[in-house]
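There are 2 protein chains.
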Amino acid sequence: MSKLASAQDFSKQGVADAIAVLKQQFGDRLSESEAVRSHHSHTTTRIPQQLPDAVIFASSTQDISDIVSACHKYGCPVIAFGIGSSLEGHVNAPFGGICIDTSEMNNVLNVNTEDLDAVVQPGVTREALNEYLRDTGLFFPIDPGANASLGGMAATRASGTNAVRYGTMKDNVLALEAVMADGRIIRTGSRAKKTAAGYDLTRLLVGSEGTLGIITELTLKLYGVPEMIAGGICSFPSIEAACNAVITTIQYGIPVSRIELLDEVQVRACNRYSGLELPESPLLLLEFHGTEAGVAEQAELFTSIAGDFTDAEFVWTTDAAERKKLWKARHDAYFATMNLMPGGSGVSTDVCVPISRLAECVNETHQDIQDAGLLSTIVGHVGDGNFHCMPLAMPDDKDMNARISKFVERLSERAIRMGGTCTGEHGIGQGKQQYLLEEMGESVEFMKMIKTTFDPKGIMNPGKIFF
Amino acid sequence: MSKLASAQDFSKQGVADAIAVLKQQFGDRLSESEAVRSHHSHTTTRIPQQLPDAVIFASSTQDISDIVSACHKYGCPVIAFGIGSSLEGHVNAPFGGICIDTSEMNNVLNVNTEDLDAVVQPGVTREALNEYLRDTGLFFPIDPGANASLGGMAATRASGTNAVRYGTMKDNVLALEAVMADGRIIRTGSRAKKTAAGYDLTRLLVGSEGTLGIITELTLKLYGVPEMIAGGICSFPSIEAACNAVITTIQYGIPVSRIELLDEVQVRACNRYSGLELPESPLLLLEFHGTEAGVAEQAELFTSIAGDFTDAEFVWTTDAAERKKLWKARHDAYFATMNLMPGGSGVSTDVCVPISRLAECVNETHQDIQDAGLLSTIVGHVGDGNFHCMPLAMPDDKDMNARISKFVERLSERAIRMGGTCTGEHGIGQGKQQYLLEEMGESVEFMKMIKTTFDPKGIMNPGKIFF
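Protein sequences appear in the order of chains A and B.
This note's numbering numbers the first residue of the first sequence as 2 and each following residue consecutively.
This note's numbering numbers the first residue of the second sequence as 2 and each following residue consecutively.
Heads up, a few of these hints could be off.
The list cannot tell twin chains apart, which means a pair is met if one copy fits it or any two copies do.
Said to hold, decoys possible - In silico SDA-like pairs for lysine to any residue, Cα to Cα no more than 25 Å straight-line:
1) K222 / R415
2) K449 / S66
3) K222 / P256
4) K449 / I48
5) K74 / L302
6) K222 / E443
7) K24 / M229
8) K458 / E105
9) K222 / T249
10) K458 / E443
11) K326 / D144
12) K329 / R404
No lab work stands behind these hints: they were computed from the structure.
Just so it is clear, the structure is predicted and the values come from calculations on it, not from any experiment.
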């Protein structure tokens, strides 16, 4: 069993020494104020906050290399921070240490329109990149919901609604620059679209959650903005019927860009919150990208597929305003759910199963929610077999929060039992370490070997991914 | 600098001991005959053969675990073998040792038609898998040319003509089972389409060329057989014109399945070999997959794009026999090249650059071929910026072979200088170790750290990827 860093490996003196040295270099850009430290460990989740000892606002790769070198010298934990929208406690500082805020590293360094790629700093958010690209006819498709930083999205292997067509961050990062645990700066690849040159360090760093290195530059794939976008919705009598329509759609090779499932609890919540009048049964929302003829063909094919599984009509449009209206239930889903329990907070869960098991997994989960007396909606990126529940609790309702924790445990185990994963896109962080072990078994030992050889002092985001 | 295994680390006694022990277990399935050993180190290239001391025909994961455990115990090199179609000396045994032939592990274990995935043993070839899938309406798209084993294709991160649409092995392996250097068996993932659970060991093993573990099972993505396939060809007045047509096609987001470039030397060779009458200028060959309307739209869009760069007509068809005729030049390219020098042998090179630099890279390479007095064709998977030259020499022509080596050096350096890679799909093996260093710099140190922590005795395919 590889030994990883634990609290006793980090001395208060080491942390203090690192801060003292770095204060000389960074001056006002190093903050020890509680407000700043608290903001940088805000987990947006049920996981309690654990504050770093200091936050440094980095403005260059060399800054980050200097900070990590000092932390390496003095044995001080170091945690990278994008915008803090991760969901499994990734930015927490369980052993204290220094948080590196990358939000000022927000330059798009290069856009190569002919090669459909861009080189960006890690603090650029996905919306900022797309805003920057507006006049180029290109876009970056990965959309995890939050306006996350691209460095953070790579570090957590983010994806979201349109991964079914465009893949996840693993598929859309061509190369990285990163600062490793001793401060060395490496480049993991080139701008070539494919390579067979050595081990794939790019994809080793993507999803490593800041535990192996800090991403300081990303080379990303871009795509042409589709000539036409169509959106549509269709109700189904059951989760099975909806899932079977999804399976058939994927099997036919229809290149759907988004295919989202809302369960009937979510639809009811949306009706109430947004004043909609949708049938209160499972709903699929679709989006097609292509030429005018292409999206029409996709929509027609889906109409004919849906007809085998529901009597309801598939309503679709290429008009942007109409499309927005049709998709209103999806856009408002989060707030509609939160509105079910004013003052409460939601726990965003995340599992992914082979789509053949999706109906079974969602149905069992649905039953589990009822049996456990929880209030929760279900929303899924069903083309990938990925879905989220959002059980609600009042912050001081200890019993309910405990029941939710047990529910998350059962949900993770259910997904693993069905040949899936305990996390499709949120990552392990502090929240899912035990399920990683269940899911990956002996493989975790090999992950830990990489961790200990790259970061022998265990300073890089300690307490994440592994126990 | 991490220390890797070298000749003195492997004693003749250790190898002999491992063989003696394994002979007891495997009997006739262990061969020490020179013919068998020679067959298993046939490199299909200019790289001289280096024979293993024995070959074992494995029939199960447990067999491989037993072999590797014994090799680990006695310090004996171990080399995995699929069908031996790799091109950079991957199956050579520079320090002797045991070659594990996986060709008898050729079962398709499971096909999940609803999830579009299959679980296969490593000795299944890509053609055998597609033959097996014939009645399912599904297929596995990766096509490196040779009827390679899927284990070998994963180990070398293979791709080929239709990677422009379907990606490479990195994109199409969902999970692996592998035997690691001490004989432990791990699984790197599930059948879920995406995951954010821990480090991406799947993609670490894909492309690791047998130096970290031996792949014993693969979970692969499948795709629906397209309703319609169209093929077409178009001549261009120059490499630039052809490349600009490619760039525009990719930027428009036309989902071409194949887009291949033959330079005029290759076209001339094909005319001569196959009795064709193609204009002796650069040629693009395309393939479109989709619905009937979809491929027609793609072909029409390409027609209009090509019109901006050539006066020649884009000729295309959906008729299978006609399509084969149109593509004859591409199918015969290898033999047409070999026919330029009867009795000679060709060195298949492999680089990949951003497509914006492709014309420049191909043109410089073309000039280099002339200046160096070589006889070589150029064929490219140009949608990815990947191309191959095939310089020819008589086996005993030392001067020409030396000139070819120098040419490969310049070509690799040229690709790296243009922001590309020294290998798009053939891998590093024994042939490109020095260029890996040039291309990846300090990153190679981190690759070697993984190598030494996973395989401290250096028994896994020693002498490959790293010096």
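Verification of the hints:
1. Proximity of K222 to R415 under the C-alpha cut-off of 25 Å is restricted to the inter-copy arrangement: shortest distance 23 Å between copies versus 34 Å within a copy.
2. For a Cα distance limit of 25 Å, the shortest separation of K449 from S66 qualifies both inside one copy, at 23 Å, and across copies, at 21 Å.
3. In this assembly of identical chains, K222 and P256 lie within 25 Å of each other by CA distance both inside one copy and across copies; the values are 18 Å within and 15 Å between.
4. Taking the shortest Cα distances, K449 and I48 sit within 25 Å of each other inside one copy (23 Å), while across copies they are farther apart (37 Å).
5. With identical chains, the CA atoms of K74 and L302 are never at most 25 Å apart, being 61 Å at best within one copy and 59 Å at best between copies.
6. In the homo-oligomer, the alpha carbons of K222 and E443 lie at most 25 Å apart only across protomers (24 Å), although the nearest pairing inside one protomer, at 33 Å, exceeds that limit.
7. Proximity of K24 and M229 under a CA criterion of 25 Å is satisfied in neither setting, with 52 Å inside one chain copy and 65 Å between copies.
8. Taking identical chains as interchangeable, the C-alpha atoms of K458 and E105 are never at most 25 Å apart, the minima being 28 Å within one chain and 45 Å between chains.
9. In the homo-oligomer, the alpha carbons of K222 and T249 lie at most 25 Å apart only across protomers (16 Å), although the nearest pairing inside one protomer, at 29 Å, exceeds that limit.
10. Taking the shortest alpha-carbon separations for K458 and E443, both the intra-copy value of 23 Å and the inter-copy value of 20 Å come in at or below 25 Å.
11. When the C-alpha separation of K326 and D144 is checked against a cutoff of 25 Å, the pair qualifies only within one copy, where the shortest distance is 20 Å, while the shortest distance between copies is 44 Å.
12. Within a single copy, K329 and R404 get their C-alpha atoms no closer than 31 Å, and across copies no closer than 66 Å, so neither meets the 25 Å cut-off.
Checked against the numbered hints given earlier, this structure breaks hints 5, 7, 8 and 12; the rest are met.
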